Amino acid sequence: MTAAWRGRLAILAIIAGAVAFLPTHPALARTSIRWMVDTQFVSSTESVSAHIGSASRQGLLLDVQSRDRRHTAALDIVASGPVMIVAPGIDDLAEDIVTASESPRCKRDVVAGQWTCHIPVTTPVRRLIVAEGTGAVQVDAHLRWLKSVPVRDYGSNQFAIVTLLLLVLTPVLWVIHQRRAASQWVIVAAAVTGLAALDAMFSAILLAALSLLYFGGRHSSVRVRRTTTFVGIIASVALLVGWRYLPPLIQLTFAINIGLAGAVPIGLSYFVFRMIDTQLRWRRGEQLTLSFREYLCFLLFPATIPAGPIESVDSFYARRLERITSRDIVYGVSRICLGVLKKLVIADLLINHLLFGDRGSLFFAMALDPASASRWVILGTLALSFAFAYVDFSAYSDLAIGVGRLHGYRIRENFDWPILASSLQEFWRRWHMSLSAWCMRNLYFPLVLTTRNTILPLFVTMLVIGLWHEFDWSWFAWGIHHTIGLIVSVVLAKTATKRKWGFPRLRHVLAVTSVLVFVTAGHAFVGVGDFHTATVIYARFWRALLPW
Amino acid sequence: MTDHTAEAVIEYLEQSRGIPRASLTNDAPLFTSGLLDSIDILNLIMFLETKFGVVVSPLEVSLEHFDTIASITALVRERGRRDGA
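Those protein sequences? They're chains E and W, same order as listed. Residue numbering for the first sequence follows my numbering, starting at 35 and increasing by one per position. Residue numbering for the second sequence follows my numbering, starting at -17 and increasing by one per position.
Calculated directly from the structure, the hints in this document are not laboratory data. Treat the hints with caution; some may be incorrect.
[Unchecked claim] In silico EDC-like cross-links for lysine to aspartate or glutamate, where the CA-CA straight-line distance does not exceed 20 Å:
no. : chain 1 : residue 1 : chain 2 : residue 2
1   : W       : K33       : W       : E(-11)
2   : W       : K33       : W       : E60
3   : E       : K141      : E       : D110
4   : E       : K528      : W       : E(-11)
5   : E       : K141      : E       : D174
6   : W       : K33       : W       : D22
7   : E       : K377      : E       : D450
8   : W       : K33       : W       : D49
9   : W       : K33       : W       : E(-7)
10  : E       : K528      : W       : D22
11  : E       : K528      : W       : E(-7)
12  : E       : K528      : W       : D19
Remember, predicted model here, so these are calculated numbers, not experimental data.
Using the sequences provided together with the hints, build the complete structure.
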């Protein structure tokens, strides 16, 4: 068996292993889902019989908590018995109640004597189901997770400390930027202080890991360098995977709330990406003269900690400003203002409100019952979901680029009008450019060399990008969706090179539209975590494009 | 050697991918600019291995070594010298 075949088989085995772990393994559930029925703790109970009634204020309390994520879910309830009332919580019973007979989300089956309700909820959930009158009620309640967004509950004091640090750091850097060593130590000190204020344990682990990787990775002995690279990459990936999936396992196994100790630290993924990239450069004998100070400054540069872009160490220092001029300050402030405008006004106030607003939410109109949602609801929701991802993430990049310029570094662009791409390949060169470039350098290219194949590495790369977002079936399907799209795109591009078709402008418009439609279709898997619901929405999206 | 390598690579790219010779300057990015796509990388490497007998190992080279005619030429020169030594 040749080395290329061994490589291909090894990759297929890794994919098979990941797929085997993907289904509903409890360790991978990212939440501590606890259903509280009255005061009795019931784990994963979905069907209960209860004697409930509004007069005695006895009810069926659904208490669903999540640790470091905000979940959007559909609470599907099938109940038999007296008329049902669903209230947000015990204390709110008198004020904000929804009666099944009044709610447009509930239907009554008179013959079967049943009520069926699909109710949107966002964690933490405290819902009380009671009945008008008293009687035995059989309730089948089921939570269908539709969307999951990571949230980390940092205290306002912690944010105040970080903001204050940035406000102090910026003018200090204007004064001392030309003294290279001093300015870099100041950046490192400010970053370490800020990280420690947010998460002391994580910052200690990170500093220890960076020190080990630096002194091992640049060692004069090639053998030590190779060992450090191997161990460093395995440890970095294990740290990332462990921090994301181990805490839920502990919570579910021992039924304890470990709180923020289990929450994924800020920027962990981006640290790991930059660490691996630098490690592989040392392995190839590049950047060996990098000092410890420069290494720390690159890894801990404040502007790129929360959400990238994922710089490489050579281009980061190649774009360091000689001095910070008034033009840089104006540019930096302008990019920050642009980022704030995009994030707060366009993404949050406008698009997010249309998707998840209290009244007339498009997302719930689509996700609660996708089989019967109108085509315009499906198309509109997925288009807005894609628009939100673009505006929101590019806003973070604007902020990083703006703050970076104020601190004396030209941070690389992360988005280059991907909505104008005329092929899917071009889209990926323009969307989250730093991640695409990282994957091309450190994943796709070595895999092509190892396996002497291009399709398998493409599949693995898109799969890794997908599963990096979330380790679930929806993102797995998203990876397949984009792999197929990229293969088709390459075949079409090669055919177009051989044949000379007419109408270049019309073809360009059609190509740009096709890319937008294809990427928007993929957002069925991005916006909706529940795999079954996502596949229904995906199929309905393509059918909605048909005129009949 | 250098001119010969560059000329051979330009000729290969011109014939196999139909890229105009004028676009193939010494420092023009091939992959990061989209002139070549991700699928072309394997064909290019196999061409270099066959034509110049260089051995390319995944942990010793990076995509940057193949991104310009100049970097490809430097790689072939360096590898040829090392493999021949």
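Hint check results:
Among the hinted pairs, K33 of chain W with E(-11) of chain W is consistent with the structure: their alpha-carbon atoms are about 12 Å apart, no more than 20 Å. Straight-line distance between C-alpha atoms of K33 of chain W and E60 of chain W comes to about 15 Å, which keeps the hinted pair within the 20 Å bound. A distance of roughly 12 Å separates the Cα atoms of K141 of chain E and D110 of chain E; the hinted pair therefore holds under the 20 Å criterion. Under the criterion of a C-alpha separation no larger than 20 Å, the hint pairing K528 of chain E with E(-11) of chain W is inconsistent with the structure, at around 23 Å.
Using a Cα cut-off of 20 Å, the hinted pair K141 of chain E and D174 of chain E holds, with the two alpha carbons roughly 15 Å apart. Distance check on the hinted pair: K33 of chain W and D22 of chain W sit about 16 Å apart at the alpha-carbon level, within 20 Å; holds. Distance check on the hinted pair: K377 of chain E and D450 of chain E sit about 17 Å apart at the alpha-carbon level, within 20 Å; holds. For a cut-off of 20 Å, the pair hint linking K33 of chain W to D49 of chain W stands: about 18 Å separates their Cα positions.
Taken as a hint, the K33 of chain W and E(-7) of chain W pair is honoured in the structure, with Cα atoms around 12 Å apart against an allowance of 20 Å. For the given pair, K528 of chain E sits about 11 Å from D22 of chain W by alpha-carbon distance, which is consistent with the 20 Å threshold. Proximity of K528 of chain E to E(-7) of chain W is assessed by CA-CA distance (about 18 Å); at most 20 Å being required, the pair is judged to hold. A threshold of 20 Å between alpha carbons decides the hint, and for K528 of chain E with D19 of chain W the separation of about 10 Å falls inside it, so the pair holds.
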